[in-house]
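**Q** Residue-level listing of the chains:
Protein chains: 2
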Amino acid sequence: MRRLLRNPVRLVPIGFLVVILLGTALLTLRFATVQYERTSFATALFTATSAVSVTGMAVNDTPNYWSGPGLVLITVLTQVGGLGILTGAALVVLAVSSRLGLRNRLLVQAETAEYGIGDVRWLLVRIAATVFACEAVMMVIVAGRLWLGYDYALGEAVWSGTFHAVQAFNNGGFNLYTDGLLAFSRDPWVSMPLSLGAIVGGLGFPALFEAARRWRQPGRWAVATKLTIWGSAVLLGVGFVALLTAEWTNVGTIGQYDVRGKVLASFTQIALSRTGGFAVLPTGSLSEESYPLLIVLMFIGGGSASTAGGIKVSTFFLLGFVLWAEMRGEPDVTVGRRRVATASQRHAITVALLSLALVVAGTTALIVLTEGVPFNRALFETTSAFSTTGLSVGVAQSLSDGGQYLLTALMYIGRVGPLTLGSAIALNTRRRRYRYPEEQPIVG
Amino acid sequence: MRRLLRNPVRLVPIGFLVVILLGTALLTLRFATVQYERTSFATALFTATSAVSVTGMAVNDTPNYWSGPGLVLITVLTQVGGLGILTGAALVVLAVSSRLGLRNRLLVQAETAEYGIGDVRWLLVRIAATVFACEAVMMVIVAGRLWLGYDYALGEAVWSGTFHAVQAFNNGGFNLYTDGLLAFSRDPWVSMPLSLGAIVGGLGFPALFEAARRWRQPGRWAVATKLTIWGSAVLLGVGFVALLTAEWTNVGTIGQYDVRGKVLASFTQIALSRTGGFAVLPTGSLSEESYPLLIVLMFIGGGSASTAGGIKVSTFFLLGFVLWAEMRGEPDVTVGRRRVATASQRHAITVALLSLALVVAGTTALIVLTEGVPFNRALFETTSAFSTTGLSVGVAQSLSDGGQYLLTALMYIGRVGPLTLGSAIALNTRRRRYRYPEEQPIVG
Ligand SMILES: [K+]
Ligand SMILES: [K+]
Chain D
1 MRRLLRNPVR LVPIGFLVVI LLGTALLTLR FATVQYERTS FATALFTATS
51 AVSVTGMAVN DTPNYWSGPG LVLITVLTQV GGLGILTGAA LVVLAVSSRL
101 GLRNRLLVQA ETAEYGIGDV RWLLVRIAAT VFACEAVMMV IVAGRLWLGY
151 DYALGEAVWS GTFHAVQAFN NGGFNLYTDG LLAFSRDPWV SMPLSLGAIV
201 GGLGFPALFE AARRWRQPGR WAVATKLTIW GSAVLLGVGF VALLTAEWTN
251 VGTIGQYDVR GKVLASFTQI ALSRTGGFAV LPTGSLSEES YPLLIVLMFI
301 GGGSASTAGG IKVSTFFLLG FVLWAEMRGE PDVTVGRRRV ATASQRHAIT
351 VALLSLALVV AGTTALIVLT EGVPFNRALF ETTSAFSTTG LSVGVAQSLS
401 DGGQYLLTAL MYIGRVGPLT LGSAIALNTR RRRYRYPEEQ PIVG
Chain Y
445 MRRLLRNPVR LVPIGFLVVI LLGTALLTLR FATVQYERTS FATALFTATS
495 AVSVTGMAVN DTPNYWSGPG LVLITVLTQV GGLGILTGAA LVVLAVSSRL
545 GLRNRLLVQA ETAEYGIGDV RWLLVRIAAT VFACEAVMMV IVAGRLWLGY
595 DYALGEAVWS GTFHAVQAFN NGGFNLYTDG LLAFSRDPWV SMPLSLGAIV
645 GGLGFPALFE AARRWRQPGR WAVATKLTIW GSAVLLGVGF VALLTAEWTN
695 VGTIGQYDVR GKVLASFTQI ALSRTGGFAV LPTGSLSEES YPLLIVLMFI
745 GGGSASTAGG IKVSTFFLLG FVLWAEMRGE PDVTVGRRRV ATASQRHAIT
795 VALLSLALVV AGTTALIVLT EGVPFNRALF ETTSAFSTTG LSVGVAQSLS
845 DGGQYLLTAL MYIGRVGPLT LGSAIALNTR RRRYRYPEEQ PIVG
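In order, the protein sequence lines correspond to chains D and Y. Counting in the numbering used here, the final residue of the first sequence is number 444, and the numbers go up one at a time with none missing. Counting in the numbering used here, the final residue of the second sequence is number 888, and the numbers go up one at a time with none missing.
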């Protein structure tokens, strides 16, 4: 055990696992369900993993299956997952000992991918403060709107506002309505706070804090920050326009809305679904060309060390720069007057290809484990689970236990990161003391 | 024009284009069809591109639409495409002048990815001799079997044997039967010569010649040869076992065959379809899990400088080694006691990602251009066209002109290679005289 824990890269997967198992145990208890019944282990594990990994994929009708306490538990699991287990653990250590050892400091830095912002303790305080401040603002606006505009009782409005604010900011994806947020997709007082919260939460603190600190000098941002901020803007913009175009005349989604409604609903769908996984428009009724679009956007995901999953925006755009350099025949990959280290390039490539391999393998396995699911739906559901997005075309609801375990594993791997997990398993601590002669094989 | 041609990287795409346009012009003539009618430009362009790029995808019923002279023309276009335009052109130059200038020599080396096998002239002779010898052996066995076992007239048997031998060795994929080679899938006298020919042709001459020369010392093969030979064996083996398992009880394909029939038909399907694109089992009736399998195998394709397309076997397995090194935390990527140059790694990555991007974009475009095609079928057809495999789930037969042009473009790009084409467009001939400071952005 001691030897297992000595390597920090192994602590992240183990930490997530512990919280998931704890959540699973609590969710199997009778108090968590409306019917006061025992939930099966497979379903409890799926739901706990879905919450902790901030995926939000559900195998049953969330508001009618889980009781009030069950939903509070899901909220807490989402918040714990969203803050990052190690960040949370470090906060506790901080409160108790008010002092972090070097090892914990390094661990927190590994989890938050922090790059020289300063003191870890101060960073944790700022992270927590930002999270709760954002969530509070979102909650107040949404709850106020539900109270004043939809005749909710005040308590009910506050509960719904809190639940959805936590879910949206953490890109959690669970919601309290059987048809998702469809009813609010054209109400900017509800959809905008949630959308903006999901976008901010999906950028990640490293990029967010640097952009906030140097907002006058975007040219001096770190490469990762530039890639994340501009890349997210591009993905949001392209996704919004593409979705709007694809769905414009689709009566199953926004076809019968007026222009303002079409624009609002499309923006909400992209902002909340792309990484957040909230059901906004009915996912099963989208135009055929919207599926590849959403699959690609889900696969890319959000910012590094954010509540969003996927291969990450910076990874995707860095690979774009690598391609461009190779096509131009240039030896260096440069992003905004900075040469990108080959180690970063190899890291980005590994993350992307490993993720791709897992999605392909997961899709095939899901087809084998599930009778009669065509592979486009299996691909959608697998990508959604792996990228911890949580959008569903309905496959998750009709899964066998085997299929549930498969998607559970994908959500877990997706949250921990396939490379982190792969490294935890394959890491070679023995260093090679010699190098083999170089060869330049012709490929492609 | 002179400036355009000065850069060798631009000659390959232009060379293919010229032959395709020539073939298109001939195919629009009345003599090429059974009905003695004019073929539309879109269809003629599609068919010429399909033949020259050795894809073999067809938009009409090949044996009942094209006349005898038309089919001979398709055979010639396939053979020209399979030999490689530049190899063919160099052969003509050789025959005329019996002497190659330095530029031509370099060009042929670029196209055949030749690595130090020796003199170009001798290489070309060996390539041509190998191709025609293999095709002759295949033709004799297949024609003999058709003559003796299927009551074909001798002339008919020779024609069918020649047509299918040329198609199989070049991974061309056209065939003379409306239901493909289904009738012969369990007859080893027909299926084995074609399968082995397709496998050998799909390995590519660089790997083939080195493996043949040093067959006693596989440990001393070049990295690219090792990756191609062992990788192809792995893909064939895994593909065969996976397909056999997936289809074992599927009455639409091999479910009602005896064990020997199941084994033979599955092997033939993998050997002839994976890169060759011959229809063996009815593609539309395969089990759902066979589609992701075939899509992945088509996308990977065959050997470098072979008649097969895709990202190439060596690219795929080299990326596997890159992933493994990154997971192990090792600075060098080593394959069989050789360190792989970072330039090769970046090349492999670019080919894979550019291909992936083109398949995704092509799939989306095909959905937009084609009414009512679900995206799994669009993905299959796009991957097949781009990887010049030519297998079809039937989308190609019902395409609009726009859809035909799209698949035509994908076959062309797939044959030329997206990186070659991208470089031809984006190549930067001006060298930068300074390097920017390095940064190591955190991604993933
Ligand atoms: K999510
Ligand atoms: K082919």
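To be clear, the hints were calculated from the coordinates, so they are not data collected in a lab. All C-beta atoms, glycine included, are put in the ideal place defined by N, C-alpha and C. Errors might be hidden in some of the hints.
As the list claims (entries may be wrong) - To give an idea of the interface, some chain Y residues facing chain D are shown, with a C-beta separation under 10 Å as derived from the structure: (1) PRO513; (2) LEU798; (3) ASN820; (4) GLY838.
**Q** Going by Cβ atoms only, is GLY838/Y closer than 10 Å to chain D?
**A** This interface hint is violated because 15 Å lies over the 10 Å limit.
**Q** Could you check if ASN820/Y really has its C-beta closer than 10 Å to a C-beta on chain D?
**A** Where the cut-off is 10 Å and the nearest Cβ of chain D is about 4 Å from ASN820/Y, the hint holds.
**Q** With a cut-off of 10 Å, does the beta carbon of LEU798/Y approach a beta carbon of chain D closely enough for the hint to hold?
**A** With a minimum Cβ separation of about 6 Å from chain D (threshold 10 Å), the hint on LEU798/Y holds.
**Q** Given PRO513/Y as an interface hint, is its Cβ closer than 10 Å to any Cβ of chain D?
**A** With a minimum Cβ separation of about 37 Å from chain D (threshold 10 Å), the hint on PRO513/Y is violated.
Of the hints listed earlier, those the structure fails to meet are numbers 1 and 4, in rising order.
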